[in-house]
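K.L.:
Letter by letter, the chains look like this.
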Amino acid sequence: MSKSAAAIDRAKAAGRKALIAYLPAGYPDKQASIDAAIAVARNGADIIEIGIPYSDPVMDGSVIQAATTQALANGFHVSDVFDIVAAITAETDAAVMVMTYWNPVMRVGVDEFSRRLAEAGGAGLITPDLIPDEAAEWFAASDKYGLDRVFLVAPSSTPERVAMTVEATRGFVYAVSIMGVTGARTSVSSAAEAVVAAAHNAGAERACVGLGVSRPEHVREIAAYADGVIVGTALVAALRDGGVPAVGALAKELSTGFDAPTAAGSTTEAAQ
Amino acid sequence: MELMADMPAASSQDPADMVDPATAFLQGGAPADPGVEHSLRHAPGPYFGSYGGRWMPESLIAALDELEETFEKAKVDPEFLAEIADLNKNYSGRPSLLTEAKRFSEHAGGARVFLKREDLNHTGSHKINNVLGQALLAKRMGKTRIIAETGAGQHGVASATAAALLGLECVVYMGAEDCRRQALNVARMQLLGATVVPVTNGSQTLKDAINDALRDWVANVENTHYLLGTAAGAHPFPAMVRFFHEVIGEEARGQIIDQIGRLPDAVCACIGGGSNAIGLFHGFLDDASVKIYGFEAGGDGVDTGRHAATITLGRPGVLHGARSYLMQDDDGQTIESHSISAGLDYPGVGPEHAYLNDIGRVSYEPITDAEAMDAFKLLCRTEGIIPAIESSHALAGALKVGRRLTEGESTPSDKVIIVNLSGRGDKDVETAADWFGMLDEDGNVNGTMLSTRSAKGAARNAGAEDADINAEDASNE
Numbered sequence: 001m002s003k004s005a006a007a008i009d010r011a012k013a014a015g016r017k018a019l020i021a022y023l024p025a026g027y028p029d030k031q032a033s034i035d036a037a038i039a040v041a042r043n044g045a046d047i048i049e050i051g052i053p054y055s056d057p058v059m060d061g062s063v064i065q066a067a068t069t070q071a072l073a074n075g076f077h078v079s080d081v082f083d084i085v086a087a088i089t090a091e092t093d094a095a096v097m098v099m100t101y102w103n104p105v106m107r108v109g110v111d112e113f114s115r116r117l118a119e120a121g122g123a124g125l126i127t128p129d130l131i132p133d134e135a136a137e138w139f140a141a142s143d144k145y146g147l148d149r150v151f152l153v154a155p156s157s158t159p160e161r162v163a164m165t166v167e168a169t170r171g172f173v174y175a176v177s178i179m180g181v182t183g184a185r186t187s188v189s190s191a192a193e194a195v196v197a198a199a200h201n202a203g204a205e206r207a208c209v210g211l212g213v214s215r216p217e218h219v220r221e222i223a224a225y226a227d228g229v230i231v232g233t234a235l236v237a238a239l240r241d242g243g244v245p246a247v248g249a250l251a252k253e254l255s256t257g258f259d260a261p262t263a264a265g266s267t268t269e270a271a272q
Numbered sequence: 001m002e003l004m005a006d007m008p009a010a011s012s013q014d015p016a017d018m019v020d021p022a023t024a025f026l027q028g029g030a031p032a033d034p035g036v037e038h039s040l041r042h043a044p045g046p047y048f049g050s051y052g053g054r055w056m057p058e059s060l061i062a063a064l065d066e067l068e069e070t071f072e073k074a075k076v077d078p079e080f081l082a083e084i085a086d087l088n089k090n091y092s093g094r095p096s097l098l099t100e101a102k103r104f105s106e107h108a109g110g111a112r113v114f115l116k117r118e119d120l121n122h123t124g125s126h127k128i129n130n131v132l133g134q135a136l137l138a139k140r141m142g143k144t145r146i147i148a149e150t151g152a153g154q155h156g157v158a159s160a161t162a163a164a165l166l167g168l169e170c171v172v173y174m175g176a177e178d179c180r181r182q183a184l185n186v187a188r189m190q191l192l193g194a195t196v197v198p199v200t201n202g203s204q205t206l207k208d209a210i211n212d213a214l215r216d217w218v219a220n221v222e223n224t225h226y227l228l229g230t231a232a233g234a235h236p237f238p239a240m241v242r243f244f245h246e247v248i249g250e251e252a253r254g255q256i257i258d259q260i261g262r263l264p265d266a267v268c269a270c271i272g273g274g275s276n277a278i279g280l281f282h283g284f285l286d287d288a289s290v291k292i293y294g295f296e297a298g299g300d301g302v303d304t305g306r307h308a309a310t311i312t313l314g315r316p317g318v319l320h321g322a323r324s325y326l327m328q329d330d331d332g333q334t335i336e337s338h339s340i341s342a343g344l345d346y347p348g349v350g351p352e353h354a355y356l357n358d359i360g361r362v363s364y365e366p367i368t369d370a371e372a373m374d375a376f377k378l379l380c381r382t383e384g385i386i387p388a389i390e391s392s393h394a395l396a397g398a399l400k401v402g403r404r405l406t407e408g409e410s411t412p413s414d415k416v417i418i419v420n421l422s423g424r425g426d427k428d429v430e431t432a433a434d435w436f437g438m439l440d441e442d443g444n445v446n447g448t449m450l451s452t453r454s455a456k457g458a459a460r461n462a463g464a465e466d467a468d469i470n471a472e473d474a475s476n477e
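As you go down the protein sequences, you meet chains A and B in turn. Position 175, counted from 1, in the first sequence is what the working numbering calls 175; the numbers after and before it change by one each time, with no gaps. Position 287, counted from 1, in the second sequence is what the working numbering calls 287; the numbers after and before it change by one each time, with no gaps.
Excised from the complex, chain A in its bound form:
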């Protein structure tokens, strides 16, 4: 039933982990954001996260902020995201999630937003500033329309909160690798492995790592213990600097992280 879980499982069946690619809706413009997502999906991404540009993105670093600010300045509207999701879904097999701060969803109406997302073929939502404690309306709507709800767990999350969040999640758990905001970093924090282990121990079947991932060696490192690897800022920077061809090339390069020595022998058991 969960589209994102199915995508992760397909990757696993192919002997690798899932590559999850974030791109902002409407950046640099609506059509280019669709083209970029399709290019990424054709170059190894199993799940596409389309981010809704928002005026107050407190979890984002400067690269994504600059991109989403430009998308808004170029006239992006929230309703565009449904067209974008539908266009990507029509062209690729990737599961398409929407990542969004919560106020734009509330403004549309949680039920209405969910209905339109499901109609567009979207898999579900990733919600960086919505915790399960406040998500009653989203639980109801995601059940009603069969959407995945991906919540975040962080290095600071207590075991009780990890358990509660895993329980609330459908699709995969988003393991935040570091105490900080989005942005490419030279190395991936060692905290990530502990966060994934905590999620697995709490019963999560799928936990994917995001924040700070930018290189094939990061992908390789994370693939050793997680079910998927989430890349955002590095792709946005590639799109900014080299357009659609560059972002496709980077996705291809990142997915080589799954081929190299460690990936070949990795199994679910080994990852845990």
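One thing to keep in mind: the hints can contain errors.
Computed footprint of chain A on chain B, listed as stretches where at least three residues anywhere in the stretch have a Cβ under 8 Å from a Cβ of chain A [claimed, not checked]:
1) 50-59
2) 271-282
3) 328-341
Simulated from the structure, these hints should not be mistaken for lab results. For every residue, glycine included, the Cβ atom is placed at its ideal position computed from N, Cα and C.
The hints should help you fit chain B onto chain A, whose structure is shown.
P.N.:
Relative to the frame of chain A, chain B by itself:
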């Protein structure tokens, strides 16, 4: 026990909670009691009706839990309360006065207007009440660093002050545009040992300063407390910031009863995020006979789109961690607010205000820039007090309330209004001089050759020279 009398809250034995028989009669025979079933006082959060909560990244939830736990323990800890009471009395200068504004009152239909003089606190506004409390909590949590957002610089200056006093590192986020406009306050914070970070993201205003402070907090939460400056944000901030400001209303209630033997007919305060207002209102929430008014920044006028009248025109949404009224477009994007007063120039409002609006306990109305500046000038000329432009919104509102209350009354002086004079206007002299056309095109005061910066030239940085100049100025008086 002497110190305990200045405690900001909870005891039902607080002298401010005792009312005279006439008042008790007006309230249906029962004196206000925070313990009563339907009391609006001491609302603990996280929810105020459907508002409040925690719309925050998971990464920060542990820190909010730690803060909540520390605060809940501290607010019933006699040692902590004594510490606050001591600082309030011997550092901030509390209790602040309640001053009758007799000549100003003539313009309020003849109603008697009393000013709660938060402008007389150390650092010049109510902000000190909250920063001292939170800085003490930061120390209790073992944090060595505080971060804060600031618009015009008042909360930043207050935070830098508390950090200096308690030996904490302090970093203040301030919109780059605000840094340029309020260079003097940037220097003040630096003199107090704080680092000021100009914020160039987004619209470069107060809301973006909050965004950057939150980003800092996520990354440094282990040793850092985010000292939020208003009664907004994620739980426990709204209830906690209110707690530290409750002293305003407690004092005002006791003082007015001392001075006139009864409760006022109305209390008035300005609303940005709403911290000074909730502090004053809290003292009177259970006094059914007291009308309560909050005055939002109407900017150029609420029909112009250039304003900060969040409750008047906003719609419920989530921003900076709480569900409340919010200035937003049809897509849920935050709309930039506008006000002559930097302290009210915020597109959100504290969740408890949203609730008090919806249940009808408090009336929220917009005051335009022009109305506020008229009231600013009036208070200067009638009382010899230069108010903050923020507080001038409350003064303008009180003039309207006074005229309404006294309409058709044979003895208008029977009507009594308390206005929270939340800050002094020293910081606003340049803005006011500009508004009233007192500056020439170079920014100098008309009719003088003097620059507002100072005319003495070269040796400004020599301390001895400054002392000489001050002496000379004094002798010229």
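K.L.:
Confirm or reject each hint.
P.N.:
The hints, checked one at a time:
1. 50-59: holds (count 7)
2. 271-282: violated (count 0)
3. 328-341: holds (count 6)
Checked against the numbered hints above, the structure violates only hint 2.
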